[in-house]
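A.B. asks: Please build the complete structure, drawing on both the sequences and the hints.
From first to last, the protein sequence lines are chains Y and V. Residues in the first sequence are numbered from 1 upward in steps of one, following our numbering. Residues in the second sequence are numbered from 1 upward in steps of one, following our numbering.
Hint data in this document are derived by calculation from the structure and do not stem from the laboratory. If you're wondering where the values come from, they're calculated on a predicted model, not measured in any experiment. Ideal Cβ placement from N, Cα and C applies to all residues, glycine included. Hints may contain errors.
As the list claims (entries may be wrong) - Calculated from the model, a selection of chain Y residues having no Cβ within reach of chain V, i.e. all distances over 10 Å: (1) ASN84; (2) PRO109; (3) LEU111.
What the hints assert, rightly or not - In silico DSS-like links for lysine-lysine, alpha-carbon gap of 27 Å or less: (4) LYS81(Y) / LYS106(V); (5) LYS99(Y) / LYS2(V); (6) LYS2(V) / LYS123(Y); (7) LYS140(Y) / LYS66(V); (8) LYS123(Y) / LYS103(Y); (9) LYS140(Y) / LYS123(Y); (10) LYS103(Y) / LYS177(Y); (11) LYS14(Y) / LYS14(V); (12) LYS8(Y) / LYS3(V); (13) LYS86(V) / LYS114(Y); (14) LYS14(V) / LYS8(Y); (15) LYS2(V) / LYS114(Y); (16) LYS99(Y) / LYS3(V); (17) LYS99(Y) / LYS14(V); (18) LYS81(Y) / LYS114(Y); (19) LYS86(V) / LYS99(Y); (20) LYS3(V) / LYS14(V); (21) LYS140(Y) / LYS2(V).
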Amino acid sequence: MIEIRDLKKTYTIKGSKEKVNALRGIDITVNDREMVAIQGRSGAGKSTLLNIIGLIESYDDGEYMLNGIDVSTLSDGKAAKLRNQRIGFVLQDYSLLEKYNVKTNVMLPLLFDKLSSREIDEKVNRALEAVNIDDLSHRKVAHLSGGQKQRVAIARAIVNDPSFILADEPTGALDTKTSGEIMELFRSLNDEGKTIIIITHDPIVADQCKRKIEISDGRIVSPEQVEK
Amino acid sequence: MKKYLLLTWMRLRKNFVEHKLIMTFYCAGTIICNRIFVEVFSSVPDLYEQYLEQRTSWAAELLLLKLLEATLIYAICFCGCAYLYKCVFDLNREQNVILSMLGASKRKVITICLLETSILTISGNLLADLSAVFFYRLDILAYIVILVSVVLLSALTTLPFFIPYIRKPILDSYRNFRDLE
Ligand SMILES: Nc1ncnc2c1ncn2[C@@H]1O[C@H](COP(=O)(O)OP(=O)(O)O)[C@@H](O)[C@H]1O
Ligand SMILES: [Mg+2]
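C.D. replies: See the structure below:
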């Protein structure tokens, strides 16, 4: 479960004293097994929020509890371990190691754990099967199509069986048909019990999520949150 | 540890295949740096003995000058190696960012980077110094002394490579890296 209260984040632009208030007091609760879409204009603070949720960026003020743990108390090592075991990322640009093959890419999160090579192989195969690309396992990522790359990224995100999947415009670089297939994957992962947060510009993608949150100028403006 | 080595090995292989020039420069640079360092320092013990025997200000000056020269040369090599290392670091920047996103702590990323550079420098220097052993037909004691000094010197020349990592926490560059795309 994700509980965020009055979260604030300010960036200072390098070389000048100018400050950007990326988040100006965000409150969100995401329960386990939810599938949430985050929408908003470019520059609204969506990626900043997702990166903070994913323990990639720090925040300046407010409170963030992840599964009951106060994130601000975590050391770098503990945060990394949580990121490794509880969180899977899927990004618009895939963030894969292009020069390596599919299997190596999917295996990466498992290298920071104490697993035998057999366990690693089993987990990788299971993840590849889950996204229907077990036949591509030895192909170099650079030679794959966008849709296939995104499947590799999803396989990598789920290989450690995390509870949360955070996706930043995962369909942004894909055509409508492929985008639909990727969303179907996310939905079936959600049915299996994963909590999913997806940032998207695409209303069709957002409509497939069970809840929508809109961010504007570092604040939540969706009706749901206003009603409270 | 085995998996770090696996990852390091994969990375070394890829870097050598994809960036032959930088990697060759890097290896050659560290080897040359060590060779010069050894050459310059090799006359220091003699000069020191001379100073002990004569106790003249002239002998002291000579020794001091030699030490200054060695320090200067080492400082130049140090900068050169640090620059070459930055090139290798840049080759790996994307991978480091992705690894930390996937759950590698700063310590783990640094371990992988250090393993990579240590393997590069130590193996390069070992080769260079072993060839010197055969070239000069040294006896076994000299051989052992050289081996020990190789490891020590390799550690010394690897030292500058720590600096960029300590200064630049890997995740801090995450956003900048992404925004560059
Ligand atoms: N590293 C950074 N340095 C300075 N400003 C940043 C940085 N990252 C993001 N910002 C600023 O913070 C705001 C929110 O950015 P972001 O979360 O990426 O928006 P979104 O994902 O909604 O498009 C923007 O104004 C952006 O320019
Ligand atoms: Mg964004």
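A.B. asks: Each hint needs a verdict: does it hold in this structure or not?
C.D. replies: Hints and how they fare:
1. Separation of ASN84(Y) from chain V is inadequate, the least Cβ-Cβ distance of about 2 Å not exceeding the 10 Å criterion.
2. The claim that PRO109(Y) is not at the interface with chain V is violated, since a C-beta of that chain comes within 10 Å of its own (minimum 5 Å).
3. Taking the minimum C-beta to C-beta distance to chain V, about 5 Å, the non-interface status of LEU111(Y) is violated against the 10 Å cut.
4. At roughly 11 Å between alpha-carbon atoms, LYS81(Y) and LYS106(V) fall within 27 Å of each other, so this suggested pair holds.
5. Distance hint between LYS99(Y) and LYS2(V) is fulfilled; the C-alpha atoms sit about 22 Å from each other, no more than 27 Å.
6. Pair hint LYS2(V) plus LYS123(Y) holds up; C-alpha atoms about 18 Å apart against a cutoff of 27 Å.
7. Of the pairs offered as hints, the one joining LYS140(Y) and LYS66(V) is violated, with about 54 Å between alpha carbons and a cut-off of 27 Å exceeded.
8. Our distance criterion of 27 Å between C-alpha atoms is met by LYS123(Y) and LYS103(Y), whose separation comes to about 11 Å.
9. The straight-line distance between the Cα atoms of LYS140(Y) and LYS123(Y) is roughly 19 Å, inside the 27 Å bound, and the hint therefore holds.
10. The hinted pair formed by LYS103(Y) and LYS177(Y) meets the criterion: a straight-line CA distance of about 25 Å does not exceed 27 Å.
11. For the proposed pair LYS14(Y) and LYS14(V), the alpha carbon gap of about 33 Å is over 27 Å, so the pair is violated.
12. A distance of roughly 38 Å separates the Cα atoms of LYS8(Y) and LYS3(V); the hinted pair therefore is violated under the 27 Å criterion.
13. Note on LYS86(V) and LYS114(Y): the hinted pairing is violated, with a Cα-Cα distance of about 31 Å set against a maximum of 27 Å.
14. Simply put, LYS14(V) and LYS8(Y) have alpha-carbon atoms about 41 Å apart, too far for the 27 Å limit, and the pair is violated.
15. At most 27 Å may separate the alpha-carbon atoms for a hinted pair to count; LYS2(V) and LYS114(Y) meet this at roughly 10 Å.
16. Our distance criterion of 27 Å between C-alpha atoms is met by LYS99(Y) and LYS3(V), whose separation comes to about 19 Å.
17. Restraint check for LYS99(Y) and LYS14(V): satisfied, since their Cα atoms lie roughly 8 Å apart, inside the 27 Å limit.
18. Between the alpha carbons of LYS81(Y) and LYS114(Y) the distance comes to roughly 12 Å, so the proposed pair stays at or under 27 Å and holds.
19. For a cut-off of 27 Å, the pair hint linking LYS86(V) to LYS99(Y) stands: about 21 Å separates their Cα positions.
20. Among the hinted pairs, LYS3(V) with LYS14(V) is consistent with the structure: their alpha-carbon atoms are about 16 Å apart, no more than 27 Å.
21. Between LYS140(Y) and LYS2(V) the alpha-carbon distance is near 24 Å, which keeps this suggested pair within the 27 Å criterion.
The structure fails to meet hints 1, 2, 3, 7, 11, 12, 13 and 14 from the earlier list, while all remaining hints are met.
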